Each structure stands twice: as C-alpha cells, then as structure tokens.
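Novice: Since chain X is already given, all that's left is putting chain A on it; use the hints.
There are 2 protein chains.
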Amino acid sequence: MTETTTLGVRPLRLDVIERVERRLTAFLDAERERWAAVDGRGAVLVDAVTDLVRAGGKRLRPAFCVSGFLAAGGDPADERIVDCAAGLELVHASALIHDDVLDDAELRRGKPAVHTRHTAEHAARGWHGESRRYGEGVAILAGDLATMYADRLAACLPPAARQVWGVLTTEVVIGQYLDVAVAAEGVADPELSRWVAVCKSGRYSIHRPLELGATLAGRPDLAGAFAEYGEALGEAFQLRDDLIDACGDQAAAGKPVGHDLAQHKMTLLLALAARRDEEVRALVEAPRWDVDALRERLVASGFTAEIERRIDALVDRARGALEAAPIDGAWRRELADMALEVAYRDR
Amino acid sequence: MTETTTLGVRPLRLDVIERVERRLTAFLDAERERWAAVDGRGAVLVDAVTDLVRAGGKRLRPAFCVSGFLAAGGDPADERIVDCAAGLELVHASALIHDDVLDDAELRRGKPAVHTRHTAEHAARGWHGESRRYGEGVAILAGDLATMYADRLAACLPPAARQVWGVLTTEVVIGQYLDVAVAAEGVADPELSRWVAVCKSGRYSIHRPLELGATLAGRPDLAGAFAEYGEALGEAFQLRDDLIDACGDQAAAGKPVGHDLAQHKMTLLLALAARRDEEVRALVEAPRWDVDALRERLVASGFTAEIERRIDALVDRARGALEAAPIDGAWRRELADMALEVAYRDR
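Chains as they are written, first to last, in the numbering used here: chain X, 1 to 347; chain A, 1 to 347.
Okay, chain X solo, but in the shape it has when bound (with noise of 0.2 Å):
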C-alpha cells in the first residue's frame, strides 16, 4: 500500500508539470499570434523565448514547485500551480538569456544562446550598426520579455505566494550580480562565494519554489522544513554544477564545460579548494587562469573526491530534514529521491 502511494506521488506530479508545459505552449502561441500580426518582426522575441523553452531544460524550479505545492496537500485541480510553475521556468529563461550575454556564454540547451545567433544574423545581413549590440540587444528583450510574461502568469498567485515570488525573483538578480562582481574582483572568499552559491542556485532554484509550492496550498508551516531541505540540496546542486563545469562531459552537459574557469568564475567549489590547497590558491591569485593546471590540481590533490563527499553529506541532510516534516510519507520518500536525481545527475 505504501509501495503504491509511492508509486503515486510521481506520477500526479509528473502529470501537473504536463500541464505546465501545455501552458508554457499556449502562452507562448498566443503571444507569438498576437505580435506577428503587427509585422513580421514581431514574433521574433516571442520565437526567441519560445525556442529556449522548447529546447528543454531540467524543469527544476516547476518540478519543487509543482512538488512543494502537493507535498503540502495541494489539490493537483488548482489551475493556480500550474501557472505558478509556468511563470517560475519563464523567469529562469530570462534569466538564462541575460546570464548568456554576461557570461558571453554562446551555446544553451546545445543550441547558439539568443544573442549569439542575432548577432550572427545582424552580421549576415549587413544591417546597420555594431552586430554585437544588436544581438545583445535582442537578447536583452528578449530576457524582459519573459519577465514580463512571467509576471502575467504569477498575477493568479494569492498575496502570501505572491511575496515568496517576489524574494525568489529578486534574489536570484543580486545573486546573479554577486557572482559577476567576485569574479571580476577576483575575489577568493569562500564565505561569499557559499552565500551566493546558496542565493541563486539553493533558494532559486530548490528551497523557494518548494516555499512558493507549500504557500500557495496554504501550508506556510512547512516553510521551516523545506528551508532546510532546500538550502543543503541548494548547495549540493552548486557543487554538483561545477564539477560538471570543472570536470563534467560538453556532450551530457548541452553546455560548454570549463567556462566558469574560463571567465575567472569563483565557484563555490574553486573558493573552498582555495581555502585547503596552496596551489589551487596560487592558481587562482594569477592574473591569468591556467585553466588546464587548475582542472589538474582540483583532480590530483583529491579535492573533488572531497567535494563529492561533501554532496553525499548534503543529501543525507536534505533528506533528514523532511524526516520530522509534516507531509505524507511518499512525498517524503519522493523528495528524497529528487535530491539524489538532483545531486547526482551528470548535466
């Protein structure tokens, strides 16, 4: 009987984020409708949204969302979730077109990131003015656009989920901001580095659309419990992003690999190997990155054994903290394994 309330869990879940994405498609349709038939141009924005939404993607943020809001006793009906969880994967394409441009990132979802290929067309075609601000450009409206979009569909959300939405969203901007920022400086402290680890990826992507899940079906009482839950596997799926940037397959990832190095990114796992090994540090104070040394070393002074050690610790506290929550127990049991999925995934 457990066995199949087990088995249920997943499925219900699996079918409301099935209606997330009907919802992202009629959305994007009717937008895309509306706008080419002002002039041709007009879709292209819409298309640029729509291609990245297409493209894939893990569908985290819906997955916890959609997961927090019927771990809670939500009723899987509540059309309310479903555009919850499409506004949430709207916000995170806005922000993956703009963190592209900031990171002069050219391929997402192993496809050229939106400014990447407007720029390309702007230089194809010889149009007037500088391609890549033109396509930087495109990219950056095309960003507000989904944030606009987003907006519209979390206007259903009641005022307690809407002011959960509201810190996700803005965190996730001075996070993304931070992270710039300590890279430009170069700044090797493990303490900020943990913090905004914690504030883009952990709360944005895992503990906050838990929150806004388990607020919406009006159970703000679990917020504690996901809070802990979130913010241990928040840091594990950080680890886990830059040992697959460090370390990880371009092929598995859809993504380039070494690109964090590349841009002089501290990541939280560089600024803890810092911390421990004198070289990883020397490396990391040169003016220039040896991308290939660092790579080495991170490797051979058993530092991401270390780390993957550190994932496993993460879990097992990501997994003890729901022990005591107030949720069914095959929700407990399905939260549990998405932190494995999350923690050990290979992209």
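Take these hints with a grain of salt, some might be off.
As the list claims (entries may be wrong) - Mimicking SDA-like on lysine to any residue, the simulated pairs with C-alpha atoms at most 20 Å apart in a straight line are: (1) A:Lys265 to X:His128; (2) A:Lys265 to X:Arg132; (3) X:Lys58 to X:His128; (4) A:Lys265 to X:Lys58; (5) A:Lys265 to X:Arg133; (6) A:Lys265 to X:Asp15; (7) A:Lys265 to X:Arg41; (8) A:Lys265 to X:Arg317; (9) A:Lys265 to X:Val284; (10) X:Lys111 to X:Ala124; (11) A:Lys265 to X:Glu130; (12) X:Lys58 to X:Ala124; (13) A:Lys265 to X:Asp39.
What the hints assert, rightly or not - Among the chain X residues that face chain A by a calculated CB cut under 8 Å, a handful are: (14) Ala105; (15) Tyr134; (16) Asp144; (17) Pro158; (18) Gly166; (19) Ala183; (20) Val291; (21) Val315.
To be clear, the hints were calculated from the coordinates, so they are not data collected in a lab.
Note that the structure is predicted; figures quoted are calculated from it, not measured.
Even for Gly, the Cβ is constructed at its ideal location relative to N, Cα and C.
Specialist: Just chain A, lined up with the frame of chain X:
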C-alpha cells in the same frame, strides 16, 4: 466655483505624486539596507536604480496613472494608486537602463548611464574580463532588478488593473525591439514607425497609465475616451521627442540630442519626412547617414514647421476626446492642460 475646482485638482494630483516619491524612496532604502547587510557589493544594483530614480525625470507615467485614477473618481487615500504609480516609474527606470545599453547612450538625466559608469569603474580598477561586458552586465541586472521591484509594487493590483499592467509591460518591450530592428534594417516605413511610436511611446507613456488608473478606480467605461486622448497625445509626445532629438538643445534635454539620427533610428518624424521629401528619402537610404545634412533638410524643407502643425492637430484631437467623457469638468481641463505641457515641452 468651477475655477476653484480647477485650482483644486492639480494640488490633489501633486499630493498623490508626492506620496509616490516617498514610496519609491522608502522601498529602495529598505532594499538597500537589506542587501548591504549581506555584503558591501550587495547594494550596488539597488544604488544604480536609486540614482536614476533620484536624478529626476518627468514622472510622466505616474502623472497620467494618478490623473486617470483621480479623474475616474478614485479615492486619493487609496494606497494602491501610490504603489501602482511607483511601480510604473520603476518599469520606466528599467526600460531606460536597458535602452541605454541598446542605444550605447552614455548620458541619462544629465549623468553617466549605468553601463557607462560601471564600464569605466571596471577599467579604472583593472578588474578581470572585458570592461564593456562587465558594465553592460551590471546595467542588464540593474534593469532586471528594477523590473522585479515594479512587479512587487504591482502585486497590490486587482485582476482587471493587473491585466492592463501586463499589456503595458509587454507592449513596451515589443515596441522597443521593433524600434531596434527597424533601425538596424534601415526600414523607411512610416506606417510601421507610426505603430512603433504609438506602441512604445503613446500607449506606454500616456494611454495605458491613464487606463490603468481608471481601471484601478473601477471605471473601465473611460477606456475609450482615454484611449483616443492617449493615442493622439502619445503621437504628439513622440513627434516632440523626435523634434527635440533632431533639432533640440542638449542642455535642456539633459541627454545627447542627435542621438537617434546618429543611431540610424527611423523615427516617426524621419519616416514621415522620407515619405514627403525626396531629398530626405535619399539621405536616409544612404548606407551612412549625413546627420547635419538631414537636420538642415528637415528645417529647410519646412517639414519641422509642418510637424508643429501636426502636433497642434493631435493636441486638439486629444482635448476633443475628453469633451464627451463622463468625468468632472475640472479633470477635463486638467488633462487638457497636461496635453499642452507634454506636446510643447523642451525636454
């Protein structure tokens, strides 16, 4: 008696606008305090937004939003109109910060644009990476933050007003993109340029803020009259903008003039001139524009004088649209006065 009423409505509007200013200050100060506590860098984006808001600006959108609300009989004590108008000003701050990156504009409200200041700081401090990418990255994130703040302030809106807000924020982004695309492709299509002007200036600056205020006051029946007033005055507003850029005084404008011409911007003014005057058409069809020759020809052809007459006619149409509108006579006169101020300004 009528006179007293006339004298009465402007102080009423200015009192609400004063509360809007205080709301903006309190909101931004609270955010600054919150993020500065995390790290010294935490407040950099908040400061970028705050500096722009404090640098002045016409507060046109709050003015029309508040006027639409009060003219529709809204309660001046209703705090939602204060949050709503403050949110509109932050939508505008975001648009300006991002537009200055798109247009590579170095000056805004008489001060360096966000991207300009941060590009210069990066260079001066010799930080890692490319100064331009850093400075423009900070501007992208500062604009994003202003949007998130606007969204949080708009959370107070009931569904009908929320709907108008969503239309306004979408239209401005699409209009902005079409503006950029038309400039890059060198399209001389007066109808498309007129649509862009109507969408990104008219509707965004006047029509939608008025409609938003009236809808918040529970008077959607005013939408028609406000639409006619807003579209006519919006076109006059845009033509004045174009005249200021083409022939205006930089000191008065507080921003570089001649910028649209230098950027190959097919403004409404230029699109109309190109249709009417062969010399102008030849000048805008040249691969590189001769800005001085264009400016001279616009005046010599008597076209700027013709545009002044067109502005007069649009102002008459805007004022006429209010004659039958079911609003207090004092507000009819106040909106008529506002039309004169918008259409005949020098900045």
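Novice: Within a Cα-Cα threshold of 20 Å, do Lys265 of chain A and Arg317 of chain X meet the stated pairing?
Specialist: This hinted pair is violated, its Cα atoms lying about 57 Å apart.
Novice: Is the interface hint for Val291 of chain X satisfied, with its Cβ closer than 8 Å to some Cβ of chain A?
Specialist: Not OK, violated: Val291 of chain X not within 8 Å of chain A, min 13 Å.
Novice: Does the structure keep Lys58 of chain X and His128 of chain X at a Cα separation of 20 Å or less?
Specialist: violated, 38 Å
Novice: For the restraint on Asp144 of chain X, tell me whether the closest CB of chain A is nearer than 8 Å.
Specialist: Given a least distance of 5 Å, the restraint on Asp144 of chain X holds.
Novice: Can you confirm whether the C-alpha distance between Lys265 of chain A and Arg133 of chain X stays at or below 20 Å?
Specialist: holds, 14 Å
Novice: Hint Val315 of chain X vs chain A: min CB-CB distance below 8 Å?
Specialist: Cβ of Val315 of chain X sits 26 Å from chain A, so the hint is violated.
Novice: Straight-line Cα separation of Lys265 of chain A and Arg41 of chain X no greater than 20 Å?
Specialist: holds, 16 Å
Novice: Sort out whether Ala124 of chain X lies within 20 Å of Lys58 of chain X, counting only the CA atoms.
Specialist: violated, 33 Å
Novice: Minimum Cβ distance from Pro158 of chain X to chain A below 8 Å?
Specialist: Check failed: Cβ of Pro158 of chain X comes no nearer than 10 Å to chain A, outside 8 Å.
Novice: Would the hint on Tyr134 of chain X stand, with a C-beta cut-off of 8 Å toward chain A?
Specialist: Holds - the Cβ of Tyr134 of chain X comes within 8 Å of chain A, reaching about 5 Å at its closest.
Novice: Is the shortest C-beta separation between Gly166 of chain X and chain A less than 8 Å?
Specialist: At about 4 Å, which falls below the 8 Å cut-off, the nearest Cβ of chain A leaves the hint on Gly166 of chain X intact, so it holds.
Novice: Can you confirm whether the C-alpha distance between Lys265 of chain A and Asp39 of chain X stays at or below 20 Å?
Specialist: holds, 18 Å
Hints 3, 4, 6, 8, 9, 12, 14, 17, 20, 21 from the list above are not met by this structure, while the remaining hints are.
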